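For chain L, the structure is supplied; the task is to place chains A and B on it using the hints.
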Amino acid sequence: MLVRARALTKRFGRFTAVDGIDFDVRPAEAFGFLGPNGAGKTSTMRMIACASPVTEGELSVIGMNPATQAREIKARLGVVPQTDNLDTELTVRENLEMYARYFDIPGSVARSRADELLEFVQLNERANDQVEPLSGGMKRRLTIARALINEPELVIFDEPTTGLDPQARHLLWDRLYRLKQRGATLIITTHYMDEAEQLCDRLVVMDKARIVAEGSPLELIERYSTREVLELRFGDAERASLDGRLEGLAERVEVLPDRTLLYTDDGEKSLDEVHRRNIAVQSALVRRSSLEDVFLSLTGRSLVE
Amino acid sequence: MSAATAPPAQASFSDSLRPATHLFHRNWLVYKRIWYRSLFFGFLQPFMFLAAMGLGVGALLAHSNPNAFGPVGYIGFLGPGLLGSTVMQTASFESTYPIMNKIMWGRNYEAILASPLSTRNVVIGELAWIGFRIASISTIFLGVLAIFGIARSPLALLAIPVAALTGLGFSSWLIAFAATQTNDIGFSWVYRLVINPLFLFSGTFFPLTQMPQPIQVIAWLTPLFHGVELMRGLILGSLDLGAAPWHLAYLLSFFTIGLILADRSLARRLAS
Amino acid sequence: MASLAGVTTRSGLGRAWEVVWRARRLVERNVMVYRHQWIVILSGVAEPIFYLVGIGMGLGGLVRTVPLPDGHTISYTAYVAPALLATAAMNGAVFETIFNVFFKLNFRKTYDGILATPMGIGEIAVGEMLWALMRASLYAVTMLLLMAVLGLILSPWAVLTLPVTLLVAAAFSAAGLAGTAFLRTVQDFDIPMGLIVMPMFLFSGSFFPTTGFPPPIQIFLQATPLFHSISLIRGLTTGLLGLEQLWDFAYLVGFFALMMVIAMRRMERKLIK
Numbered sequence: 001m002l003v004r005a006r007a008l009t010k011r012f013g014r015f016t017a018v019d020g021i022d023f024d025v026r027p028a029e030a031f032g033f034l035g036p037n038g039a040g041k042t043s044t045m046r047m048i049a050c051a052s053p054v055t056e057g058e059l060s061v062i063g064m065n066p067a068t069q070a071r072e073i074k075a076r077l078g079v080v081p082q083t084d085n086l087d088t089e090l091t092v093r094e095n096l097e098m099y100a101r102y103f104d105i106p107g108s109v110a111r112s113r114a115d116e117l118l119e120f121v122q123l124n125e126r127a128n129d130q131v132e133p134l135s136g137g138m139k140r141r142l143t144i145a146r147a148l149i150n151e152p153e154l155v156i157f158d159e160p161t162t163g164l165d166p167q168a169r170h171l172l173w174d175r176l177y178r179l180k181q182r183g184a185t186l187i188i189t190t191h192y193m194d195e196a197e198q199l200c201d202r203l204v205v206m207d208k209a210r211i212v213a214e215g216s217p218l219e220l221i222e223r224y225s226t227r228e229v230l231e232l233r234f235g236d237a238e239r240a241s242l243d244g245r246l247e248g249l250a251e252r253v254e255v256l257p258d259r260t261l262l263y264t265d266d267g268e269k270s271l272d273e274v275h276r277r278n279i280a281v282q283s284a285l286v287r288r289s290s291l292e293d294v295f296l297s298l299t300g301r302s303l304v305e
Numbered sequence: 001m002s003a004a005t006a007p008p009a010q011a012s013f014s015d016s017l018r019p020a021t022h023l024f025h026r027n028w029l030v031y032k033r034i035w036y037r038s039l040f041f042g043f044l045q046p047f048m049f050l051a052a053m054g055l056g057v058g059a060l061l062a063h064s065n066p067n068a069f070g071p072v073g074y075i076g077f078l079g080p081g082l083l084g085s086t087v088m089q090t091a092s093f094e095s096t097y098p099i100m101n102k103i104m105w106g107r108n109y110e111a112i113l114a115s116p117l118s119t120r121n122v123v124i125g126e127l128a129w130i131g132f133r134i135a136s137i138s139t140i141f142l143g144v145l146a147i148f149g150i151a152r153s154p155l156a157l158l159a160i161p162v163a164a165l166t167g168l169g170f171s172s173w174l175i176a177f178a179a180t181q182t183n184d185i186g187f188s189w190v191y192r193l194v195i196n197p198l199f200l201f202s203g204t205f206f207p208l209t210q211m212p213q214p215i216q217v218i219a220w221l222t223p224l225f226h227g228v229e230l231m232r233g234l235i236l237g238s239l240d241l242g243a244a245p246w247h248l249a250y251l252l253s254f255f256t257i258g259l260i261l262a263d264r265s266l267a268r269r270l271a272s
Numbered sequence: 001m002a003s004l005a006g007v008t009t010r011s012g013l014g015r016a017w018e019v020v021w022r023a024r025r026l027v028e029r030n031v032m033v034y035r036h037q038w039i040v041i042l043s044g045v046a047e048p049i050f051y052l053v054g055i056g057m058g059l060g061g062l063v064r065t066v067p068l069p070d071g072h073t074i075s076y077t078a079y080v081a082p083a084l085l086a087t088a089a090m091n092g093a094v095f096e097t098i099f100n101v102f103f104k105l106n107f108r109k110t111y112d113g114i115l116a117t118p119m120g121i122g123e124i125a126v127g128e129m130l131w132a133l134m135r136a137s138l139y140a141v142t143m144l145l146l147m148a149v150l151g152l153i154l155s156p157w158a159v160l161t162l163p164v165t166l167l168v169a170a171a172f173s174a175a176g177l178a179g180t181a182f183l184r185t186v187q188d189f190d191i192p193m194g195l196i197v198m199p200m201f202l203f204s205g206s207f208f209p210t211t212g213f214p215p216p217i218q219i220f221l222q223a224t225p226l227f228h229s230i231s232l233i234r235g236l237t238t239g240l241l242g243l244e245q246l247w248d249f250a251y252l253v254g255f256f257a258l259m260m261v262i263a264m265r266r267m268e269r270k271l272i273k
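Chains as they are written, first to last, in the working numbering: chain L, 1 to 305; chain A, 1 to 272; chain B, 1 to 273.
I should point out that these hints are in silico values taken from the structure, not numbers from a laboratory.
The structure presented is a predicted model; accordingly, all values stated were derived computationally and were not measured.
We put the CB at the ideal spot given by N, CA and C, even for glycine.
Treat the hints loosely; a few may be bogus.
Claimed, not checked - List time: in silico DMTMM-like cross-link candidates among lysine to aspartate or glutamate, alpha-carbon distance up to 20 Å: (1) B:K109 to L:E94; (2) B:K270 to L:D84; (3) L:K269 to L:E231; (4) B:K109 to L:D84; (5) L:K139 to B:D112; (6) B:K109 to L:E132; (7) L:K208 to L:D19; (8) L:K180 to L:E153; (9) L:K139 to L:E125.
What the hints assert, rightly or not - Simulated restraints, written as ranges between beta carbons of each label pair: (10) L:R288 to B:V31: 53 to 63 Å; (11) L:T68 to B:I219: 42 to 52 Å; (12) B:W38 to L:S135: 26 to 36 Å; (13) B:F220 to L:R6: 51 to 61 Å.
Stated by the list, open to error - Sample of chain B residues with no beta-carbon within 12 Å of chain A, all distances over it, derived: (14) G12; (15) G14; (16) V20; (17) M32; (18) W38; (19) L130; (20) M134; (21) S137; (22) L138; (23) V159; (24) L162; (25) Q222; (26) F249; (27) G254; (28) V261.
The following block holds chain L by itself, in its conformation from the complex (with noise of 0.2 Å):
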């Protein structure tokens, strides 16, 4: 196990951010936390990263106690936080070498080292620019740049993507999506649930600071939810009549302010049902189960509000 926690407790005052729990991490994995924000995911990591120290429980990361070998534990980690802390008194590409030289790494590999994550995350033109210009997604690139620049075992991202736009959300899961086939050891915490289908081997679902599911995507959805989900809008006054008209037609129902969702294992079949009995839709749509479906049957919220 790279990390491992049994009952791991977070608590602020009378706060409790982290409620007991429990989980690990193997390695060569990418291991997620998906929930939303404010369940406990960025106090979680905080700890494993050594920069919070843990109220209760265990917490193993890398065979090592953060307790007594915080410092070791650090040389081997890669951090990129939720929200960036790059120096913005260095360049790009003096960020990168300064960050190696706290891992004492020799400035001649700090140097090497610096081109090559240059290259990986696309920003060696921008190499001797100012921190502060850059656009987010370019920031975020450089953050990871950073994380990796100790070629840690484990590299955990906080909320990788919140905040990006697309095409950059695209690029930096193609950039962890490579850093996972190299081997590494990724541990991702995020709210959106196409991200954590797409990166993450197993994942945990957070919730007011417990673990409510763990398990592959895969896993989760056929667990928690059913194949497929059929999304019908309905005007003002047919909603009104609805009471009981939709008897029958899935395995669950999910009512939302703005639409509801009928869960079963054919939509197109239920679909037809819902004509033949004549209840008039707005729109309808039938999609596949996602985790945002897991987490909704799970706690009965969606992930974003």
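The following block gives chains A and B in isolation, referenced to the frame of chain L:
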């Protein structure tokens, strides 16, 4: 032919005054919350210098060189000098960071410029505010000097408008400069290479006759020196009537040129 | 970094040295930043030079001499110069720590990134202090050279001024670090600057002896770190050394230690949550 109105007539003077008063009012509202702090430092610092240098160095002089400053003593010489330097420092502070911040982050300037009125109103508004601040600080400091027994003649009151003129001179030039800046690096240089040397070499702490000729000539070209000479003359009742008009002329032209520069600079910056 | 209680044991001292050794990376970082802005650092020496020429020589021409408590008199310029040196060391140290550290701590989140590496809070604090020491010694050397050229160095003891300046800078940068952690907004700077640094500058025997004040006030004025810095450095450049200078030295060492403890505690609380 559409019912288009004729192009807006050139704004009347009283019209142009209104946004200036908005600026003044807004500054006053902001200031009301922090007045104690800035008055504290616009007053406490010169007061400390006066007490420390005036009394401390004065005691040394009494011992080694008793007649160096005549009947008024060193503290009499120093007092008006400190008034001048305080005015310069207050004007500098008000005209650098706040202006740059308002240009870069504030909305007031945008609002004014959305109207048919010009950046001139911004300049007038800000200078009016700074002038008000300088006048109030000068009045208080003059009171302190009176308590120390330094201000002797009723002419001393004229030092207040002179102080305002001196300060506004600095303000106008600094506003012109501030309008070209996007960060505070330029300001650090101005403080380091202009404000601080002027603080020391404008006849504040010692008569410039103590310095070699080249330095005296340079000082003659700078505004604080003239302001200090006038203020000292008025407060101590020792005004040199021959030189006074020249000092005044210098201050007036310095301010006027600064005004034009500020107007142009701000217009250029806000138009882009 | 291990708790400070551990420093007193032998292995604790070893660990403390390790922290100092690792802290050199923070110095390396600052050098990298200022590589292109060295002129900013150089210009910091302008202020003490202006004061020396202005008040030291300009006013000195009128004041001429200063009587010292033990009966000696020295020229006003030779009296003021060492005080300006001490003040330059103080300002260099205090401004570097307060302004730059404050911004790195609160706005630029620079330290958060660095803390994800094997660097700890101890290394950061010590590193910033080492940097402040380097700047302060630059100013001190410049002032000493200037004083030598102007004939204001009256004793070979002046050589010790350099190590003493390091102590002064260390003490004040520790004090700056300790104070920085208490500041929340940029406006909060006014208070330590105006109420502590400025009065201290004026009343610590820079421009006139404190002996002119009534004894109760004298005691108060002589309790400040700047007073002792000036007293010690003036003693070295004028060669007028006595028991008082030993006491100055002890005071500075104690002050440094106290400020370090406070600074470490405060920074720890700010950065580790």
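For this structure, which hints from the list above don't hold up?
none
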